[in-house]
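Chains as they are written, first to last, in this note's numbering: chain A, 492 to 797; chain B, 270 to 568; chain C, 147 to 482.
Just so you know, not all the hints are guaranteed correct.
[To be verified] Only pairs whose alpha carbons sit at most 30 Å apart, straight line, appear in this in silico DSS-like list of lysine-lysine:
1) C:Lys293 - C:Lys272
2) A:Lys629 - B:Lys455
3) C:Lys272 - C:Lys207
4) A:Lys625 - B:Lys455
No lab work stands behind these hints: they were computed from the structure.
All values reported here derive from a predicted model rather than from experimental measurement.
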Amino acid sequence: MVDVSDVAEPVTTERAASERPVIAAEHVDKVFNTRAGEVHAVRDVSLAVHSGQTLGLVGESGSGKSTMARLLMGLLPPTSGTVRLDGLDLSTVRGARLRQLRSQMQMVFQNPFGSLLPHYSAAANVAEPLRLHKRGDKAWRRERAVELLDLVGVNRRFVDHYPRQFSGGQQQRIAIARALALEPRLLVCDEPTSSLDVSIQAQVLVLLEELRSRLGLTVVFISHNLAVVERFADRVTVMCMGQVVESAPTEALFGAPRHPYTEKLLAAILPVTSDPLPQPDISWRSSPDQPSALVEVAPGHEVRES
Amino acid sequence: MALAEATEPTGSIEAVKARGHWAGAWARFRANRLAFISLIFCGLLVITAIAAPWIAPYHFTETDPTARLAPIGADGHWLGTDMLGRDLFSRMIYGLRTALFVAFGAELASLVVAIVIGLSAGYIGGRVDQGLMGITDVMYAFPSYLFAIVLVTVMGRSLWAVMLAIGISSWVTQARLVRAQVLSVKEREYIEAARSMGASGTTISFRYILPNAVGPLLVTTSFAIPAAIGAEAGLALLGLGVQPPTPSWGSMISEGTSYILAAPHLLLFPAGMFALTLLAFTWVGDGVRDAFDANGESR
Amino acid sequence: MTNSLLEVRDLRTDFLLKSGRLRVVDGVSLTVEPGQALAIVGESGSGKSITMRSVMRVLPKTARIAGGSVRLDGRELTELPERQMRQVRGRQIGMVFQNAMEALNPTLTLERQLTEHLSWHGICGKAEARRRAIETLGDVGIPEPEKRIRTYPFQLSGGMRQRAMIAMAMVARPSLLIADEPTTAVDVTVQRQILDLLAEFKARGTGIVMITHDLGVARYFCDDAVVMYAGRIVERAPVRELLARPSHPYSTGLFRSTIEVGGRDRALAPIPGAPPDLAQRPPGCAFHPRCERAESVCRENEQMLLPLTVNGVSRGTSGRPGAVREAACWKVAAHG
Chain A
492 MVDVSDVAEP
502 VTTERAASER
512 PVIAAEHVDK
522 VFNTRAGEVH
532 AVRDVSLAVH
542 SGQTLGLVGE
552 SGSGKSTMAR
562 LLMGLLPPTS
572 GTVRLDGLDL
582 STVRGARLRQ
592 LRSQMQMVFQ
602 NPFGSLLPHY
612 SAAANVAEPL
622 RLHKRGDKAW
632 RRERAVELLD
642 LVGVNRRFVD
652 HYPRQFSGGQ
662 QQRIAIARAL
672 ALEPRLLVCD
682 EPTSSLDVSI
692 QAQVLVLLEE
702 LRSRLGLTVV
712 FISHNLAVVE
722 RFADRVTVMC
732 MGQVVESAPT
742 EALFGAPRHP
752 YTEKLLAAIL
762 PVTSDPLPQP
772 DISWRSSPDQ
782 PSALVEVAPG
792 HEVRES
Chain B
270 MALAEATEPT
280 GSIEAVKARG
290 HWAGAWARFR
300 ANRLAFISLI
310 FCGLLVITAI
320 AAPWIAPYHF
330 TETDPTARLA
340 PIGADGHWLG
350 TDMLGRDLFS
360 RMIYGLRTAL
370 FVAFGAELAS
380 LVVAIVIGLS
390 AGYIGGRVDQ
400 GLMGITDVMY
410 AFPSYLFAIV
420 LVTVMGRSLW
430 AVMLAIGISS
440 WVTQARLVRA
450 QVLSVKEREY
460 IEAARSMGAS
470 GTTISFRYIL
480 PNAVGPLLVT
490 TSFAIPAAIG
500 AEAGLALLGL
510 GVQPPTPSWG
520 SMISEGTSYI
530 LAAPHLLLFP
540 AGMFALTLLA
550 FTWVGDGVRD
560 AFDANGESR
Chain C
147 MTNSLLEVRD
157 LRTDFLLKSG
167 RLRVVDGVSL
177 TVEPGQALAI
187 VGESGSGKSI
197 TMRSVMRVLP
207 KTARIAGGSV
217 RLDGRELTEL
227 PERQMRQVRG
237 RQIGMVFQNA
247 MEALNPTLTL
257 ERQLTEHLSW
267 HGICGKAEAR
277 RRAIETLGDV
287 GIPEPEKRIR
297 TYPFQLSGGM
307 RQRAMIAMAM
317 VARPSLLIAD
327 EPTTAVDVTV
337 QRQILDLLAE
347 FKARGTGIVM
357 ITHDLGVARY
367 FCDDAVVMYA
377 GRIVERAPVR
387 ELLARPSHPY
397 STGLFRSTIE
407 VGGRDRALAP
417 IPGAPPDLAQ
427 RPPGCAFHPR
437 CERAESVCRE
447 NEQMLLPLTV
457 NGVSRGTSGR
467 PGAVREAACW
477 KVAAHG
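Chain A extracted, bound-state conformation:
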């Protein structure tokens, strides 16, 4: 007897997976209680990233973009709303199960030196997630770590050096290798190049670009640098004071920005080969306490009413 369900099931799950976003936030709010009172860091943010896509999350300091990254990673619980990884509500899993789930989503931080364990060598840093998730034995993990370091361009000869012995760019490569060790589906990059020198920034971006296409990664790329996001993302979400003000396919957002804040951001860029755009005369002030609606002005292009 042939078990039909056994054959049929992979097909349906595969189709479901292609339709279901890898990571999705639905009406997420985050309020921090600080000594100075409540800080509403993220307000009613919804977003979804499908398999193999890259979402750029853009905003200035205090826009809530880094908080959003930590909410997506399940490092912070949302005050309200849900974050789903492959359809699974992260708030319903806890403890060991949540830690298990983390193997599917990894993060690259802004400060590479700060994010590496200082008392572990490069290879040990990369092997650490494998050890935490009990993959293989020690020798295998080391071999895998060396392979990964090779992949990101850290020479085999230096795998036993400690993080502080590497330059900033090399440290970020090690951090990227570590993030890739568990073969995650989702990579969240929080300003991965902003602490690096210009010539190194480009190296790291080229590396991320190449790894993304080679490994078919789904990426959330957080940056204040619109130029980097334009280059890297399929879709861009602009955040301001915890709210999404505009969200659109990259070309639409850069070609025809609709929200004054997006225009302001674009005009703030100082290009290298041309003069900057004229500053928009409309000064837009967000008033997050009187939230306005996000309106779809074109397919996939949402703008907050101002």
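Following the hints, complete the assembly by docking chains B and C onto the known chain A.
This is chains B and C only, laid out in the frame that chain A set:
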């Protein structure tokens, strides 16, 4: 491949050997000549204390009725004897044993307590933190000598009572330090990175936070050891030390003062050794501190 | 010879290390005219900040000026006694930092900091100082300066703090302003405002040296640029020409590493490797290990900073007097 070629490391790193946190600190410690010699001296002291029964020519209770208050270089007693005819050299070695046993025992115990309490308070935070730090603050406010007096009165003048009395006043500072270290390390990005890799609380505490807090802990411990040696002698001087005839440098010094004219060596040798030992341990502490300080500012 | 506002000739600065002297600024020459802005472009460790700190003589304890001359309005600064140098720093040179908290005293109000600065240097009396402090705060775009002058630095937002620091630098009306990455720590939307603000001082005749790693900032704000690598100037040019036709392979590499909006079609071609550790400075041209055009001559000898020529004629600059194009590269000079 273009990617690999683009990322050949710069020449600078090649000249440097892979060197960990510890290796760096050790190299700096070794380069400090005073600290290194002190460490060797302290090592010899520890070996002497452990091997006391084999090194000391007499047992500390053994009296030689034929030679009371014998001078230096007397027959069979090359440092002389005390008023009961006990060999001064042997008693000093056993006194060293008492001092080091109490000091290391007290500091080790207080370190363990401090790590457990400081780590839990710092890592778990919230109510646990408030509760544990509340207890610590109360202990901190309590005068340590008073505590020692109470303890010795209740438990008798045993080695353990003295050890406990010294250890109790020491863990408080250590626990606060551990907590402060944990709080500062906890905010570092690599802890968040570790969480995002799926590390559990215990893994984070013991594998990631603690090793990075060890440097400062080692520094205070290496200063706490001479302090404890001093405290042991101090308690003995007050008559609160270990029960005679077990020798303690403190009681030997106090006895020596009574014979300062008749037999000055009874005071000079214990006091001199005591001072030398304290200095050596303090210099080791200085070396440890400098070794780890330089590490802190690396990169 | 006419006197420029700032004229630095063959400046050399060393760090005194246990292992010996380490040259971090090596033969830097530059000129700034009143009302002009010069960009010093380079990555971290290129010596760009130490160069200007040598000019102001505010170096770390382990650093020494090893030689060269610094003339401000024709007056030699390197040999000035410290007392007089302090006067120069207060009255003639202002400095703006990356991080405002570095320059402002968190325990004093803006009023005290600004007025004390004026009275210490004996520039004017108390009442006048207060008037000028308020005026300068207004100049830097701080709203309600009469009120804000009583606040402490930490009570201001990041952008306002940056403005307050600029006010501090400009309150004595210095003729030269040194700005060390003044917009790196501020938000993108604030960056342009700060630069526009500095441009007003420039228009009033202040000479400005802008230390930056951002070619976009250099292009927007500056007239001329020098590119530094491993403590030396590798290229000098009017900034727009530098970006239109970079000559030195390092400048070209920096340009190609820069990502800009709308530049998606421009291939990103990063410079391989990382800037050298100065203690292990490569022989010959310091850039040769990262340079795709390097030949044996580059590995052995260092080329001087030479004017760029086309068929023996100085390569066209915009015709502005004093505008020069120079590069320190065997490949460029040889092809002329």
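For each hint, the structure was consulted:
Distance restraint check for C:Lys293 and C:Lys272: the Cα-Cα separation of roughly 18 Å lies within the 30 Å cut-off, and the hinted pair is therefore satisfied. For the hint linking A:Lys629 to B:Lys455, the alpha-carbon distance of about 27 Å falls within 30 Å, and the restraint holds. Taking the CA atoms of C:Lys272 and C:Lys207, the gap is near 34 Å; set against the 30 Å cutoff, the hint is violated. For the proposed pair A:Lys625 and B:Lys455, the alpha carbon gap of about 24 Å is at most 30 Å, so the pair holds.
Against the hints set out earlier in the document, a violation occurs for number 3 only.
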